[in-house]
Amino acid sequence: MENAYGTLSGPNITIRELQKDKISFILSDTDLSVANSLRRVMIAEVPTIAIDMVEIETNTTVLADEFIAHRLGMIPIESTDVERIKYTRDCTCSQYCSECSVELTLHVKCTDDRTRDVTSRELISSNPQFQPVLTDKNDSGILIVKLRKGHELSIKCIAKKGVAKEHAKWSPVSGVAFEYDPYNKLRHTHYWIEEDEKKEWPLSKNAALEAPPDPNAPFDYNAKPDRFYFSSETVGSLQPEEVVSMAMKTLLDKLAYVQMQLKEEVDMKKQDHTSWGY
Amino acid sequence: MSPAKTRTHNEDIDEDVSSADEEMALEGTEDMMETEENTEDADADAEEAMVPADKIEIVAGSSDPTCMTFCFKEEDHTLGNSLRHMVMKNPLVDYCGYSIPHPSEAKMNVHIQTTDATNAVEALNKGFDDLTDLCQHVISKFKKELKNGNFEYSPEGNWSQN
Ligand SMILES: [Zn+2]
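So the protein sequences, as listed, match chains A and B. Each residue of the first sequence is one higher than the one before, starting from 1 at the first, in the UniProt record's numbering. Each residue of the second sequence is one higher than the one before, starting from 1 at the first, in the UniProt record's numbering.
Simulated from the structure, these hints should not be mistaken for lab results. Heads up, some of the hints might be wrong.
[As the list claims (entries may be wrong)] Derived lysine-lysine pairs resembling PhoX-like cross-links, with alpha carbons at most 20 Å apart:
(1) B:K143 / A:K249
(2) B:K107 / A:K165
(3) A:K146 / A:K156
(4) A:K185 / A:K199
(5) A:K20 / B:K143
(6) B:K143 / A:K22
(7) A:K109 / A:K146
(8) B:K147 / A:K249
(9) B:K73 / B:K55
(10) A:K22 / B:K147
(11) B:K55 / A:K263
(12) A:K254 / A:K86
(13) B:K107 / A:K254
(14) A:K198 / A:K185
(15) A:K185 / A:K224
(16) B:K107 / A:K263
(17) B:K126 / B:K55
(18) A:K22 / A:K205
(19) A:K165 / B:K55
(20) B:K73 / A:K263
(21) B:K73 / B:K107
(22) A:K263 / B:K126
(23) B:K55 / B:K107
(24) B:K144 / A:K249
(25) A:K149 / A:K109
(26) A:K156 / A:K109
(27) A:K20 / A:K137
(28) A:K269 / B:K73
(29) B:K141 / A:K249
(30) A:K165 / A:K249
(31) A:K254 / B:K126
(32) A:K165 / A:K86
(33) A:K254 / B:K73
(34) A:K249 / A:K86
Please read all numbers here as calculations on a predicted model, not as lab measurements.
With the hints as constraints, model all of the structure from the sequences given.
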C-alpha cells in the first residue's frame, strides 16, 4: 500500500489475544507517530454513550444530588450502535431528543428494614440497544447508592454521545498499554537505578518476542522503533476489536474532514488573489 | 421492553422537553444538573460555534508557495505527529515540523518547506492522502487478522474471575 516511496508493504497487525474485555496486538512496520495516534484515538476519540444530564425528582438518600449524578455518568452503557445516535450539536433539536440521546429512568424506594442496594441494573433504558453494561446474567450491576427504610431515589437520566476528549466517562477503554523496544536498544528510556539496571528493571514479557541485543555492538543512532505492543482493556461499552476498528475509522473521518477544510481554505485564498488581479 | 412501548415513551420525552424549563421554575422541586460543570460546557459550545469558519488557516508570511505554515484549530498530536511523519516521507519535501504553541489554545501549527518541484499545499495534500491510505491499509489488515483467527480467543475473558 505504501509503495509510493518504494518502502515496505505497509504496516502489519498481528492479534495475539482477544477476550471479551481485552485485546492484545502488535502493530509493526510503521512509525512511532502513527502507532501513537492509534493509541491516542483509542483512548480519547472513539465515541460512546454515557449519562450526561440527570433530572432528580426525589432524592432522600444519604448521597447528595451531585454525587449521584457523577456516579451515574461513570456507568458504562452498551454502545455498539453508537453510530445510530447523533451528537446533540449536529441535531436539529434544542436540548435533546430520541435521535441524539437515550433516556434512562430509575425509581427505587426502600420499604424494608434491610439495607437496599441500588445498582445500574435498575436503570430502565428508553432504547433497548443502549443498556447499562452487564457482564453476564449473574452480574449484580454497578452499585449506585445504598438505601435505608424510607429512603427514595427517583431520577431521569439523559445519556448522550460523546468522546473522552471532552470527559473521560466517554472513553471505551480503561487503559491502553503501549510498549516498544523492550530491550531499550534505542535508549529512549533512562532507567533510574541504585546499583544494577538488569536486577532492578526486569524485562517485560514482550522481550521474548525480540532478539536480545549484542552487548558488544555499537549504539545504532539511526535505528527507529518499528514494532509496537498494544494491549487494551475495555470498560464494556464496546467490544475490544470494535475499539480498534472504530479508532482507525475515527482517524480516517478526521483526515477526510481536515483535508476538505484545507481545500476550502486554499480555494478561498485563490479567489481572494484573483479578485485583486493577481 | 417492547419496541412499541419505546416509541410512545420517546414521544413523551419530546413533550417534556418544551415544558421542562417552566416546570422547574414553577415547582422548584426538580433539580436539573449535569454530571460536569455547566460553565465548561458553555465555553465548549462557544468554541465549537467558532471553529468551522476556518478549521485551517494559512498563516501569513512570505508569498513563497514552497514555504508555508498551516494553523489547524482543535487538532493536537494525534493528527500533528503522524501528519508530520507522512509529509516528511515525501522526497520532494525538504522539511516538515509541527508544534502546539500553547497548551490552553487548541491550535496546532504545521510548517512545510518543499523543493521547487512541488509546493507546500500539494505536499500537505499528499500527506493527507498517504496517511488515509495507511489507515485504510491498517483497517483491512486488522479485519483480515480478525477473520483468520490465528490468536488466543476466549469470549468469556476474565469477567467472572473478578
Ligand atoms: Zn436531538
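Cross-check of the supplied hints:
1. Using a Cα cut-off of 20 Å, the hinted pair K143 (chain B) and K249 (chain A) holds, with the two alpha carbons roughly 12 Å apart.
2. At roughly 15 Å between alpha-carbon atoms, K107 (chain B) and K165 (chain A) fall within 20 Å of each other, so this suggested pair holds.
3. A distance of roughly 18 Å separates the Cα atoms of K146 (chain A) and K156 (chain A); the hinted pair therefore holds under the 20 Å criterion.
4. Of the supplied pair hints, the one linking K185 (chain A) and K199 (chain A) holds, its CA atoms being roughly 17 Å apart against a limit of 20 Å.
5. Proposed proximity of K20 (chain A) and K143 (chain B) is supported: the alpha carbons are some 17 Å apart, at most 20 Å.
6. For the hint pairing K143 (chain B) with K22 (chain A), the CA-to-CA distance comes to about 17 Å; that is within 20 Å, so the pair holds.
7. With a CA separation close to 11 Å, the supplied pair K109 (chain A) and K146 (chain A) stays within the 20 Å bound.
8. At most 20 Å may separate the alpha-carbon atoms for a hinted pair to count; K147 (chain B) and K249 (chain A) meet this at roughly 18 Å.
9. About 5 Å separates the Cα atoms of K73 (chain B) and K55 (chain B), which keeps this hinted pair within 20 Å; it holds.
10. For the proposed pair K22 (chain A) and K147 (chain B), the alpha carbon gap of about 17 Å is at most 20 Å, so the pair holds.
11. Under the criterion of a C-alpha separation no larger than 20 Å, the hint pairing K55 (chain B) with K263 (chain A) is consistent with the structure, at around 11 Å.
12. At most 20 Å may separate the alpha-carbon atoms for a hinted pair to count; K254 (chain A) and K86 (chain A) meet this at roughly 16 Å.
13. Pair hint K107 (chain B) plus K254 (chain A) holds up; C-alpha atoms about 15 Å apart against a cutoff of 20 Å.
14. For a cut-off of 20 Å, the pair hint linking K198 (chain A) to K185 (chain A) stands: about 14 Å separates their Cα positions.
15. At most 20 Å may separate the alpha-carbon atoms for a hinted pair to count; K185 (chain A) and K224 (chain A) meet this at roughly 10 Å.
16. Between the alpha carbons of K107 (chain B) and K263 (chain A) the distance comes to roughly 19 Å, so the proposed pair stays at or under 20 Å and holds.
17. Under the criterion of a C-alpha separation no larger than 20 Å, the hint pairing K126 (chain B) with K55 (chain B) is consistent with the structure, at around 19 Å.
18. Under the criterion of a C-alpha separation no larger than 20 Å, the hint pairing K22 (chain A) with K205 (chain A) is consistent with the structure, at around 17 Å.
19. For the suggested pair K165 (chain A) and K55 (chain B), the alpha carbons sit about 18 Å apart, so the restraint of at most 20 Å is met.
20. Annotation: proposed proximity of K73 (chain B) to K263 (chain A) holds, straight-line Cα distance about 15 Å (limit 20 Å).
21. A hinted pair counts as satisfied when its Cα atoms are at most 20 Å apart, and K73 (chain B) with K107 (chain B) qualifies at roughly 5 Å.
22. About 12 Å separates the Cα atoms of K263 (chain A) and K126 (chain B), which keeps this hinted pair within 20 Å; it holds.
23. A threshold of 20 Å between alpha carbons decides the hint, and for K55 (chain B) with K107 (chain B) the separation of about 10 Å falls inside it, so the pair holds.
24. The suggested pairing of K144 (chain B) with K249 (chain A) holds, with an alpha-carbon distance near 16 Å, which does not exceed 20 Å.
25. Between the alpha carbons of K149 (chain A) and K109 (chain A) the distance comes to roughly 8 Å, so the proposed pair stays at or under 20 Å and holds.
26. Between K156 (chain A) and K109 (chain A), the direct Cα distance comes to roughly 15 Å. Compliance with the 20 Å bound is thereby established for this hinted pair.
27. Restraint check for K20 (chain A) and K137 (chain A): the C-alpha separation of about 15 Å stays at or below 20 Å, so the hint holds.
28. For the hint linking K269 (chain A) to K73 (chain B), the alpha-carbon distance of about 18 Å falls within 20 Å, and the restraint holds.
29. The straight-line distance between the Cα atoms of K141 (chain B) and K249 (chain A) is roughly 13 Å, inside the 20 Å bound, and the hint therefore holds.
30. As the CA atoms of K165 (chain A) and K249 (chain A) are separated by approximately 17 Å, the hinted pair is consistent with the 20 Å bound.
31. Note on K254 (chain A) and K126 (chain B): the hinted pairing holds, with a Cα-Cα distance of about 16 Å set against a maximum of 20 Å.
32. Note on K165 (chain A) and K86 (chain A): the hinted pairing holds, with a Cα-Cα distance of about 17 Å set against a maximum of 20 Å.
33. For the hint linking K254 (chain A) to K73 (chain B), the alpha-carbon distance of about 12 Å falls within 20 Å, and the restraint holds.
34. The straight-line distance between the Cα atoms of K249 (chain A) and K86 (chain A) is roughly 16 Å, inside the 20 Å bound, and the hint therefore holds.
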